[in-house]
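Chain order of the listed sequences is S, Y, C and R.
In terms of numbering that gives the first Met the number 0, the first sequence has 84 at position 85, counting the first letter as 1, and numbering is strictly consecutive.
In terms of numbering that gives the first Met the number 0, the second sequence has 373 at position 374, counting the first letter as 1, and numbering is strictly consecutive.
In terms of numbering that gives the first Met the number 0, the third sequence has 162 at position 163, counting the first letter as 1, and numbering is strictly consecutive.
In terms of numbering that gives the first Met the number 0, the fourth sequence has 261 at position 262, counting the first letter as 1, and numbering is strictly consecutive.
These are computed hints drawn from the structure, not numbers from a lab.
Treat the hints with care, since some could be wrong.
One copy or two, either will do: identical chains are not told apart, so a pair holds if it fits within one copy or between any two.
Unchecked claim - Listed next, the in silico BS3-like pairs over lysine-lysine satisfying Cα-Cα at most 30 Å (straight line):
1) K264 / K242
2) K348 / K242
3) K242 / K227
4) K140 / K102
5) K242 / K102
6) K140 / K227
7) K102 / K218
Number of protein chains: 4
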Amino acid sequence: MDAATPKPLRGRHLFANPGPTNIPDPVLRAIDRPTIDFHDPDFLPVYREVFAGLKRVIGTRHHLFMYTGSGHAAWEATLTNLLSPGETILVLDSGYFSEEWGKMAAAHGVEVQTVAADWRHGIEIAKVRAALEADRSHRIKAVCVVHNETATGLMIPPAEVRAEIDAAKHPALFLVDTISSLASLEFRMDDWGIDAVVGGSQKGLMNPTGMSFTAVSEKGMEAHRSAKLGRYYFDWSVMLTRKPHDSFVGTVPVNAFYGLQAALKMLEEEGMDAVVARHHRLAEGVRRAVAIWSGNNGPQLFCTNPARVSDSVTTILMPEGHSGDALRRTIRGRFNVSTGGGLGTLSGKVFRLGVMGDLNEAMVLGILGAVEMSLGIDGVPHGKGGVAAAMAYFAG
Amino acid sequence: MDAATPKPLRGRHLFANPGPTNIPDPVLRAIDRPTIDFHDPDFLPVYREVFAGLKRVIGTRHHLFMYTGSGHAAWEATLTNLLSPGETILVLDSGYFSEEWGKMAAAHGVEVQTVAADWRHGIEIAKVRAALEADRSHRIKAVCVVHNETATGLMIPPAEVRAEIDAAKHPALFLVDTISSLASLEFRMDDWGIDAVVGGSQKGLMNPTGMSFTAVSEKGMEAHRSAKLGRYYFDWSVMLTRKPHDSFVGTVPVNAFYGLQAALKMLEEEGMDAVVARHHRLAEGVRRAVAIWSGNNGPQLFCTNPARVSDSVTTILMPEGHSGDALRRTIRGRFNVSTGGGLGTLSGKVFRLGVMGDLNEAMVLGILGAVEMSLGIDGVPHGKGGVAAAMAYFAG
Amino acid sequence: MDAATPKPLRGRHLFANPGPTNIPDPVLRAIDRPTIDFHDPDFLPVYREVFAGLKRVIGTRHHLFMYTGSGHAAWEATLTNLLSPGETILVLDSGYFSEEWGKMAAAHGVEVQTVAADWRHGIEIAKVRAALEADRSHRIKAVCVVHNETATGLMIPPAEVRAEIDAAKHPALFLVDTISSLASLEFRMDDWGIDAVVGGSQKGLMNPTGMSFTAVSEKGMEAHRSAKLGRYYFDWSVMLTRKPHDSFVGTVPVNAFYGLQAALKMLEEEGMDAVVARHHRLAEGVRRAVAIWSGNNGPQLFCTNPARVSDSVTTILMPEGHSGDALRRTIRGRFNVSTGGGLGTLSGKVFRLGVMGDLNEAMVLGILGAVEMSLGIDGVPHGKGGVAAAMAYFAG
Amino acid sequence: MDAATPKPLRGRHLFANPGPTNIPDPVLRAIDRPTIDFHDPDFLPVYREVFAGLKRVIGTRHHLFMYTGSGHAAWEATLTNLLSPGETILVLDSGYFSEEWGKMAAAHGVEVQTVAADWRHGIEIAKVRAALEADRSHRIKAVCVVHNETATGLMIPPAEVRAEIDAAKHPALFLVDTISSLASLEFRMDDWGIDAVVGGSQKGLMNPTGMSFTAVSEKGMEAHRSAKLGRYYFDWSVMLTRKPHDSFVGTVPVNAFYGLQAALKMLEEEGMDAVVARHHRLAEGVRRAVAIWSGNNGPQLFCTNPARVSDSVTTILMPEGHSGDALRRTIRGRFNVSTGGGLGTLSGKVFRLGVMGDLNEAMVLGILGAVEMSLGIDGVPHGKGGVAAAMAYFAG
């Protein structure tokens, strides 16, 4: 990308990557403070405030364990704390990230059974029930769902999956990855009967990459007590011996807590309903633009199922013969706007527009403008007027 | 404005005010440092680098004096250092700010002769020659021009004024206010034969309000030696006794120098020609949008003279019966975009879009989008497609 | 100083200069924010909060005018808003800064009468009464006092001066410079019958250089209405026309307000009595150290009058034949500690230790340790154990 | 600690905890930047610069893998990438952290053989040879050493351990934890024949907690290929498939790289020899003070072996009947200075003074002053004059 980038670009680098995220200034300024001892009397109230606030955002009254680590770390923590070698998990296929968790589980000696899906349409949830009913010996210990698949821009409704597990009367734990949905889409762990929720700091929580966490139900904690996969850095039982924190093995990342404290305060000021509504509004604006561009054999929504489109990331399929990465280079190199590329097998075939974190309508119009201009510059066929369609929606 | 503002707005506050300015992060981070002594060995190189860099931006090899103060401070410094009570200056009328300088001069006991102008068309420069030729006794000691009038969005070309002074063979000093043009429009003090240039930190120099300055020719310094208006804080002769700085009476504002150092580095990286070209491109994009909006008896460019439009601020005249301030409240309250209001007699009748400082095409599209949506929301008649016109221009 | 400085020094640069000041992190982070319009609905509450808080710190219910400028700017504003050409002021001699204000007044055509003083002992306040009683025609329009003379480390009690003016039944205005005392020493404008108070951001208010101000009594405002010295940038009457701000001619320095807001919040949290007590405690610790050093013909307090020592800056007289500047180079070059030098005629003969702003006992011990080690390194005669004496005091 | 803390304390919070560390302002300001995509053309040069710089600091030309995680994460990564279930490691006992690594290995199913040591004197290195020679079947796969034990303030020289391994002609890998020594004590991985080096961002590298890493020799990489412990987030082979980064599984923590880039630049400016010399000088100053305090049955160095004292953390044993934690509360509550407490079995019996990161002599004197005053305030017996002894050493 270096060669194509005229340097230096000026003005705000508009960021439409689906994570890491648009970090607001108050969060960055909060992190920008000298570190203090994590046992300092000035730190403990911050620590407790963050745990309490984060549990409100997740919608749980149960346990929360945090890690110095990225989202993958939290999945590894969750798997190793809940499972033993040779046990089986049922993974609902949604795209790159559900594949990753499957690979991770397999690397730890866990059997992985997958409910396959058409990535463009999203999984048929009834298949979950079928798979569970077929498992009469209850080999399956956990059902694993990515709430919002960052790679494909698809959402799977956790409450519907829960209903299938209940209908199948299956005792499996219910594990949900909310990394790219928390604080962007509606999420209610306890109400939805989820046993373990995996999340991270670097998307809707509007912080740099570096902190991730698992919220765990009582049923999850009970399973943990007999889980035998190797772990120490991530071990919840070891964490509970680390007083007064009850979490973290090793140094507590003080500055990351400053950042989360600032972000949680912003979320509470705005109100979680307003946060969710804003993400929906911005994502819908993006979709209105894509609907126009898709005319004239242009780029189209990767997700063909309106009930499953993600409100935090939109994956856009390029027309045959046109590279998403080439388009992204033009968008970035000429207009200083950052978009996401295709992951894994979708590499080059799609590009992605995230609307996570601290973003508003005017910023989204700037981003869509850069995309629409670049479609023209690169000679990608497309319907004209995507930005105008988004404006009509935003002003409506 | 409080009542109409749903709180809190999220995302980047896009800033299209014609000063203060879009301050880039490296400048803010540079200011965000503990102060050191202005005689400290670590500070003096910073001080000298800023003076040298700023002289390059101004286009002069002569004297430069800086003040802890805003733009008005620099005009006061310039007037009091160059004039004596009862002397006369010739002010070229351009709008609110030329009126302000006139009032300031009068407050100091200076006679003010004005060359009147139609603010929407811009001054007829030939009138300058006529005024000077009429001044056979050389009562006029200085010709005062606002290079770029922030209130009306009009530009007056200094080289053309210089040519008129020369043609009139008049010995008056030539004083130019470059507050809203420096580092946005082309500016060449020495090449254009300017005797005193007034500028400030808070526009093209991409810094917070707080520093201003005068660059002075040798002819200006000679005039200074006999100028008798009261002054001390601003006195250039006193400054020259303050070693090793040669400027400032009183404490030198260390943190402001950190900010200017960072901004000057960014300007040099981009290159002054590229900076000027970028401001032209962004302003032209704004004008393309306004041209479309002006259809259907909509808002139109205040400046009717294409040769005089400003490349750093566009003043837009509202249709009769519609308030610019009401529109601005919608733009700000609903879309978190800041625009400028009308000043003085233009209050309410116009609104202004600045494209100064650290700005790019995508940001401008976001801003224009917020304006165009707000025109619709407020029921202001306008031609549709302003954003699309800007996009067509930017992608061209 | 460059040659003697091994580069780069590491660790915190401990700052014992008597202004600019130790700026705390919350103030720096507050300044480090994108600028918004000074008419923005988010700014006006900040503006008003700062005016209200600053009036509480000054101890006044009357008028407050602020300037983008340094301390000298506020003195110029005060003189030009209160006086007319040819009028006389009575300046109480205290050191470099009282001389500066005299020079400034003279530059504006004001007559300056001085009450002389021994700088090491401090003015005899009874002389003020004598001077005023001698002025039967009431030529003297204002009595000018520097509350805390930063150059000599002397304090003049304003209440005692007020008592002398009252005793003399003289109608002169009473003007006090509180630049290096406000938010460090006790100060009560209204209670002490002061007509104009001059202050700045860069000392006890813990902000960068760049903002200064005058608080004015009703009597002062009445005098202002007939004062004829030239002014515009600083003109209080012009400011009162600038709605809704009622202050500033020209752009309001938004980021400086963010900084003051943060500092005022810190002062209120600590409590003004605690702030004053802390400055006294730290300055007394410095004096205990100097008392020990003065043994063996070592450096001694410049101020020989215990009733007049400053609690924000200690001026220390070097032994004959030893340069304060050489000592300062060792302190800075070897230990990364910044101290103040002698001003004007005291240049080289003294050095100064400020304890203004965000400072505590441990920092002062580090500073005193660097001084005491440097005395030894440079072979300056001195009594040993200054740091130990300060420790004994701080722990008492 | 809350009750004893008068709030709010003012001035710089002097930080003498042995990690996290004194983070210099340039590092904090560097982190305080909007995140960009870790595939962005502006990020890749930063990424590569950090890897190259960190390898220079470690003293290796071989492999480097980084993790979003704390120091414990890097040990877990190292163990799981190099070992298989049931294999044995030989751990040299040094204190709390060597115990931790042993527990971690055991949790992963690794056998742990320990070479016991008197924590106050430090391990007898000859015992390592004895243990290896006794292992004729080469069950021991790795020798694990904590270079600098943060809990006890003891250093174990890696080169001497290497010599014993060589003398024993044992094929075990040589693993060294350099978390609290890197960029504080001399360290030369390749020269000392180390196969895996574990380090973190939050001590000598002067960054917040959040990044850790392993440098690996070719011999280590060969062992990795057959190592079968469960891992994925930390798996080096998976990392090598993540192009172009060759490290990290999951999101790369962009902002942490900004911070490391700034810190590495500071280390290179100062020079690694100067960095090491400064840490030695500061630690020796602390020891000089403790030697004085130890008189009169006062606190004494925990480490009784001068050849093994740590130059980044000094552990100080309290006199019988006096609590280190009570003393620390006084130091913190009254003087705003942070010190470290005893870990594990040493809890309450010792306190610790770290001199890691961005620290200088004046800061250390402030810290020592706070300790010495607090010893007096709390009635802890001690010899007086510790600060004076440190000053005598620093000025020598």
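Each hint, compared with the structure:
1. K264 / K242: Within one copy only: 26 Å inside, 33 Å across.
2. K348 / K242: For K348 and K242, the Cα distance is within 30 Å only across copies (18 Å; inside one copy 50 Å).
3. K242 / K227: Classified as within: same-chain Cα gap 24 Å, cross-chain 33 Å, threshold 30 Å.
4. K140 / K102: Classified as both; 17 Å inside a copy, 28 Å across copies.
5. K242 / K102: For K242 and K102, the Cα distance is within 30 Å only across copies (18 Å; inside one copy 34 Å).
6. K140 / K227: Both: 13 Å inside a copy, 24 Å across copies.
7. K102 / K218: both (25 Å within a copy, 27 Å between copies)
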